[in-house]
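**Student:** Chains as they are written, first to last, in my numbering: chain F, 1 to 86; chain E, 1 to 124; chain X, 1 to 166; chain S, 1 to 270.
Hints in this document: simulated from the structure, not taken from any laboratory.
A couple of the hints might just be wrong.
Unchecked claim - No more than 27 Å apart at the CA atoms, straight line, and that leaves these computed lysine-lysine pairs for DSSO-like:
1. 3(S) x 27(F)
2. 132(X) x 109(E)
3. 79(F) x 99(S)
4. 105(S) x 50(X)
5. 78(F) x 116(S)
6. 116(S) x 66(X)
7. 7(X) x 116(S)
8. 32(E) x 7(X)
9. 260(S) x 79(F)
10. 112(S) x 51(X)
11. 105(S) x 132(X)
12. 163(X) x 171(S)
13. 60(X) x 112(S)
14. 78(F) x 210(S)
15. 132(X) x 112(S)
16. 116(S) x 51(X)
17. 112(S) x 7(X)
18. 159(X) x 112(S)
19. 2(X) x 116(S)
20. 171(S) x 79(F)
21. 109(E) x 90(X)
22. 171(S) x 78(F)
23. 79(F) x 105(S)
24. 93(X) x 109(E)
25. 79(F) x 261(S)
26. 78(F) x 105(S)
27. 50(X) x 201(S)
28. 163(X) x 73(X)
Listed below, chain by chain, are the residues.
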Amino acid sequence: MNIVVLPYLLVIICSLTSTFLAYLIVKERNLVVAILLLLGQGIFHSLLYYLLMAPDLFITYIPVSVGITPLLLFLLIKKTEWREYD
Amino acid sequence: MSELNLVFYGIGLGLIAIGSFFEVVGAIGVLKLPSFFLRLHALTVSCIGGSILPLLGVAILAIGLEEMGSQRLFITAICLISVFIILILAPSGSHSLARAAYNSNTAPKQPLEYDALSRGVNKD
Amino acid sequence: MKRFLNKLFVFTIILVFFIISTGSFKYYTLVIGVIVSAITTYLFESSIVKKTLRLYDVLKLLYLFKYIVYFVKAEIHAHLELVEIILFNKPIKPAIVAVPYHVESDYGVTLIALTVTNTPGTIVLNIDTNSKLMYIHWINASTFNPDEARLIITSGFEKLVEKIFG
Amino acid sequence: MIKRDVLVAFSLSLLVLSISLIIWLEGYIRIATPIISSLGESYLYYSYNPWYSNYTSFSLNVVSAIIWDYRGFDTFLETTVLMASIIAIYTLLRGFEEKVFLQPKGLSTITKTATKIVIPLIIAYALAIATHGQLTPGGGFQGGATLAVISSLIIAVYSLEFLYYMGYRSKRLVVIRGLCLIGLIIVAITPLLIGFILNTKSYIFQNMSKEDSFISMPSFLFDAPLAGSIFFYNVFELLIVFTGLTTALMLLSLRDVELKKAFEVREVYE
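Full structure from sequences and hints, please.
**Tutor:** Structure (structure tokens):
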């Protein structure tokens, strides 16, 4: 295999996995677990930014997706309910 | 590459190899051990052995790479600072996880042979 | 100036961290770093270092070095034990034991607790500051008695920590 | 839920695989094509180019140069967008009061002390990102988001009460934010004012000297390029983003006692 193909393979892996995680987040009933999965998806997105040569967005996305968004969502869950019902 | 740099290079690679071994052991432990509190112990193995040792290895390896100029000192310093921060933050995180799990009774405590905390102690 | 050594200590640490995290050593970085670390020192010095530092506190670095050597030894022992438990199914005996401590300052307690949590096999579950007890989850408990457990788990660290932080 | 577990395990293994591939491929990664459009080429050519002082912005980081110099007005309007969301939260919670009980509870002593050590380091790192925005990747928004992690840490570890104890109030933060926006405008119209006084031609949001106006912001500080107004824009943007995100965090973590009056007010309106 030619080594030039491998970066594209990496981009494919990252985007496919974040799509998996997005599916899981939508299907998940327990909202706490859904937020933790969203955190994992954030890590994949920041990897994608790194691969696509956007270090500025990479630096922005790490604190926003790992530090601030989960806390905001947890605060919202605390005010309402932590589980979806049918 | 001079002989001293070769020694640094070898030590760094050896530390990274040992670190990956502990990482695998920690992963097996997380899958194998029966309860939440026991799994936290396996997590500590993969934190200290699996991430601190490789970071120290990279720090030593970077000293040996003479062709990188003065930039290698920054890499070494960054690795040492990361080691310091992980040594502070990882145990405090696992401590607060364990405390929350114990106080809210969400995780099953068995197997447990003796519980000093449940015998009439006030929780702050 | 009051508490000059405290301010100098915090200022130096933040300045060094600033220069390392920018990855450049120019006059520009140095000037901006001095301004930033002066502001941060002014804001946080009183809450970070409670005690007034003196010049002979430099000697405590020797104890810190001794502490690191002790820490590495304990880490190696604990890692080998955990590898035995995980890979070779060594029988375990998990228990939560109460361990007393005799350190006064916040930093001393924190350092002991972090070291105990950092060694695989023991995790600090809860801490009671009134009766000075630590509740430790121990994966392979050899004793349930508080004083004997203290001899095994923390007493080695505690002597050195008491000399560093008092 | 076996299917879900399988999917999670598969994703995590792919994560480990991709991270190891990234580390292995450090020297070979080249995803962007070497053929650049003529517009991009001109940006790359002029963003740090002392020989063409009419077109350059003296910024080593091309992204900063584009964001704050070549399309500065656009970015200035972007910074006001976050204000809209804060105003929306204020409208939803109208009538809330911030009550100070001064009994911060939070997590245990160990976590608090560990967090106390890390907070100054995060501040230093965030300011390093923001003030070196014209030299290395980074800038105002990045630094502000990193700085806002501190307030989220304080809310999670020390509780909201400690933020009140440190003097944070949401209204004060909004005022600081407004002042920083005014600071941005002042930096933007400074060349215009100087041109008005000296009776020459000059532009709003002007950075370096142009063909028909010689007014220029400082391009160097000591031995590193300062990139004129980009440095000041980055510092103000840091404060704007930090105060905006902190206000949103504080308003969303209000307690029930503080919100009691807000619900009454809402009932009256409805």
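**Student:** A separate judgement is required for each hint: does it hold in the structure or not?
**Tutor:** A quick look at each hint next to the structure:
{"no.": "1", "hint": "3(S) x 27(F)", "result": "holds (12 Å)"}
{"no.": "2", "hint": "132(X) x 109(E)", "result": "holds (24 Å)"}
{"no.": "3", "hint": "79(F) x 99(S)", "result": "holds (18 Å)"}
{"no.": "4", "hint": "105(S) x 50(X)", "result": "holds (20 Å)"}
{"no.": "5", "hint": "78(F) x 116(S)", "result": "holds (25 Å)"}
{"no.": "6", "hint": "116(S) x 66(X)", "result": "holds (25 Å)"}
{"no.": "7", "hint": "7(X) x 116(S)", "result": "holds (16 Å)"}
{"no.": "8", "hint": "32(E) x 7(X)", "result": "violated (49 Å)"}
{"no.": "9", "hint": "260(S) x 79(F)", "result": "holds (14 Å)"}
{"no.": "10", "hint": "112(S) x 51(X)", "result": "holds (18 Å)"}
{"no.": "11", "hint": "105(S) x 132(X)", "result": "holds (19 Å)"}
{"no.": "12", "hint": "163(X) x 171(S)", "result": "violated (46 Å)"}
{"no.": "13", "hint": "60(X) x 112(S)", "result": "holds (24 Å)"}
{"no.": "14", "hint": "78(F) x 210(S)", "result": "violated (55 Å)"}
{"no.": "15", "hint": "132(X) x 112(S)", "result": "holds (17 Å)"}
{"no.": "16", "hint": "116(S) x 51(X)", "result": "holds (15 Å)"}
{"no.": "17", "hint": "112(S) x 7(X)", "result": "holds (21 Å)"}
{"no.": "18", "hint": "159(X) x 112(S)", "result": "holds (23 Å)"}
{"no.": "19", "hint": "2(X) x 116(S)", "result": "holds (22 Å)"}
{"no.": "20", "hint": "171(S) x 79(F)", "result": "holds (22 Å)"}
{"no.": "21", "hint": "109(E) x 90(X)", "result": "holds (20 Å)"}
{"no.": "22", "hint": "171(S) x 78(F)", "result": "holds (24 Å)"}
{"no.": "23", "hint": "79(F) x 105(S)", "result": "holds (19 Å)"}
{"no.": "24", "hint": "93(X) x 109(E)", "result": "holds (13 Å)"}
{"no.": "25", "hint": "79(F) x 261(S)", "result": "holds (16 Å)"}
{"no.": "26", "hint": "78(F) x 105(S)", "result": "holds (18 Å)"}
{"no.": "27", "hint": "50(X) x 201(S)", "result": "violated (57 Å)"}
{"no.": "28", "hint": "163(X) x 73(X)", "result": "holds (20 Å)"}
Taken one by one, the earlier hints fail for this structure at numbers 8, 12, 14, 27, listed in ascending order.
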